[in-house]
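Put together the whole structure using the sequences plus the hints.
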Amino acid sequence: MEHVVILGGGIAGTTAAEELRKLHADVSITIIEQENHPLYSRVLLPHYLKGKVPREKVFLKTWQWYLDQRIEIMAGVRAEAIDVANRFVRTSEGRELPFDALIIAGGGELNTLGGEPRGVSYLRGVDDADEALMLLRELKMRPAEEQRAIVIGGGFIAMEYINFFAHYTVPCRVVLRGNGFWSSALSEHSQGVLARKAIEGGVGVTTNEPAPEVVGEREVEGVRLSSGEVLPCSLVGVGIGMHPDLSFYRECGIAIDRGIAVNEYFETAHPGIYAIGDCAEFFDRHVGRNVVYGNWMNAQTQGRVVAKTIAGERTAFDLVSSYTTNLLGLHIVFIGDVDRRSADEIRQTVETEVASVEEFYRAGNLVGAVLIGDISQRAALTATIKGSG
Amino acid sequence: MKLRIVVDPDLCIGAASCVTIAPDTFVVNTDNKAEVLDHGAAPDAPTYERFVEVTEEEKENIILGAQSCPTLAISIFDEHGTQIYPAM
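Those sequence lines, one after another, are chains A and B. So that you can map any letter, position 231 of the first sequence is 231 in my numbering, and since no number is skipped, the others follow by simple counting. Take the position in the second sequence, starting the count at 1, then add 1000; the result is the number in my numbering.
Among these hints, one or two may not hold up.
Said to hold, decoys possible - Taking lysine-lysine and the DSSO-like style, the derived pairs with C-alpha atoms no more than 27 Å apart in a straight line are: (1) B:K1033 x A:K50; (2) A:K57 x B:K1059; (3) A:K22 x B:K1033; (4) A:K308 x B:K1059; (5) A:K386 x B:K1002; (6) A:K308 x B:K1033; (7) A:K61 x A:K140; (8) A:K22 x A:K57.
Stated by the list, open to error - If you only want the chain A side, here are some residues facing chain B, beta carbon under 10 Å, derived: (9) L44; (10) S184; (11) A185; (12) T324; (13) T325; (14) L328.
Honestly, the hints are just simulated from the structure, not real lab data. For glycine and all other residues, C-beta sits at the position ideal for the given N, C-alpha and C.
Written out as C-alpha cells, the structure reads:
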C-alpha cells in the first residue's frame, strides 16, 4: 500500500485520512476536494447562521493541520475521471493520480429548482451560509412589508431555514410538496404535530404544492403556486433534498444502485475501491437492508471504519444511525430506517397534541423510530434496534 | 488522572455521537442535550459539567467522543485546567 486517494474532503473523507495516518505512518494520502476550504462542520452552519458561533469556529481543521499530518489536499479541484482498470484518478487540473486504494467520499449534490434569480438560497456549505446571511441583511434593509421569506421543502434543511428566519423575526411561510413535513416518512399525526408547532410559531404552512415556481427576473419577487397565485417574498430558502452524483460514477464503470453499491466493509465490486458517506449505499445489518444515509455521525464513523479496513484490519460497520433537529424548539429525532415503504408495520406509540412517536418494524424487528416532542424513549429504542440487528 | 468534561448545552443539538462512542460518560436528557456521567452514573445530580477520574484508555475514548461532536459542544480539561480538546 503506497498511495491512497480520497475523493471528497468532508467529514467522511477527512476522518478516513486522519485515521489512516494514525494507523499507517508511511502511506501517501491525497484528498481531492471541490470546495476551497479546510474541513468544516456543516452541522455548525445553523449555529453560525444564528450568530451563536463565529465563522472561524465552523472550521474543524486548518490548512496547517494537513501539512502536519502529511495529508495532501487538492482543494478547489474535481475528479474528472476514475480509471478503474488502470487505477488512477484524473483531476480537473489534468493530473493523473495513481492509487492502490481509492475512497469515494463525494457526498451528494443538492436538488435545485433551476434557473433562480438572486434571493434564492440553498444550504449545502459554508459559502451558502455566507450568502444566506448576506441576503438576510439585504432583506432587513427593505421596507417592513417586503421583509418576507418563503421556505420550499419540508425536511431537515427546511427546519434550518424556518429556525433561521424565526431567529431574525422574518415573517415566513413554508411551501410543502406533500401533505406536510416529511410527507413520505411521517404519519398524519406526526405531520399534524409539526404543522401545529409551525403555525403556533407564526409560520404559514401551504401544503400539496408539488412544483412551486420562483418568480422574478433578476431578483426574487415571490413564489407561484399551482393555483397561479403568487406569494410575494424577497428571500426563498430551498431544502428539497440531495442525491449522489451517480452518473459520474456510472460513466467510470462503478456499480451503482441508489448510491455506490458497497458491502458492510464499504468495499465496492472493484478491489481497492471503497465508498463511504452520503454517496454510499451499504448493507446496514441493524436494519437488514441496503440503505443510503446522509448524516454526520454516519459519515464520520464510516471514515474511521474504512481506514481500519484499508490498513489491514477488516472492520464491519456497526452503528445505529440517527439524526436530530428541531422545529422552533420542538425536538425531532429519526433513528435507524424510517422508510415507510420498507416497513411491514408502523406503530404509533405516542399520540398527543404536542408529541408523536412512531416505531418501524420489519420481519418483527424494530428497525427505526421517529420521535417528535417526546424523546424520552430515544436511548431505549436505539438499544432495541441495535439488539435486534 | 482526573478530567473536567464540559458540555455547552447551547451548542449541543443532541446528535448523540458522544453517547454512541462513550456511553459511560455521556447521556442525552429529555431536553435533547448531552449530560456528563461518571462511569455510567450521575452522583449528586444530572449535570453538563463534571470532574471524572479516568484511566488512559478511558481518556482516549472520551476525547474520541468529544471529537465526534459535530458542533464542538464538548470541551475537555486536564486536572491542571489546561484544555485538551478542542485544541486551543
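Each hint, compared with the structure:
As the CA atoms of K1033 (chain B) and K50 (chain A) are separated by approximately 19 Å, the hinted pair is consistent with the 27 Å bound. A threshold of 27 Å between alpha carbons decides the hint, and for K57 (chain A) with K1059 (chain B) the separation of about 24 Å falls inside it, so the pair holds. A C-alpha spacing of about 31 Å is found between K22 (chain A) and K1033 (chain B), which places the hinted pair above 27 Å, so the restraint is violated. Of the pairs offered as hints, the one joining K308 (chain A) and K1059 (chain B) holds, with about 21 Å between alpha carbons and a cut-off of 27 Å not exceeded.
Between K386 (chain A) and K1002 (chain B) the CA atoms are separated by roughly 32 Å; this puts the pair beyond 27 Å, and the hint is violated. For the hint linking K308 (chain A) to K1033 (chain B), the alpha-carbon distance of about 31 Å lies beyond 27 Å, and the restraint is violated. With a C-alpha separation of about 33 Å, the suggested pairing of K61 (chain A) with K140 (chain A) is violated against the 27 Å cut-off. With a C-alpha separation of about 25 Å, the suggested pairing of K22 (chain A) with K57 (chain A) holds against the 27 Å cut-off.
Look at L44 (chain A): its Cβ gets to within about 5 Å of chain B, closer than 10 Å, so that hint holds up. Of the supplied interface hints, the one on S184 (chain A) is violated, with its beta-carbon coming no nearer than about 23 Å to a beta-carbon of chain B, more than 10 Å. A cut of 10 Å between beta carbons decides the hint on A185 (chain A): the least distance to chain B is about 19 Å, and the hint is violated. Checking T324 (chain A) against chain B by beta carbon gives a least distance of about 5 Å; that is within 10 Å, so the hint holds.
With its C-beta approaching chain B no nearer than about 7 Å, T325 (chain A) sits inside the 10 Å limit, and its interface hint holds. Here the hint on L328 (chain A) is broken, as its CB sits about 14 Å from the closest CB of chain B, past 10 Å.
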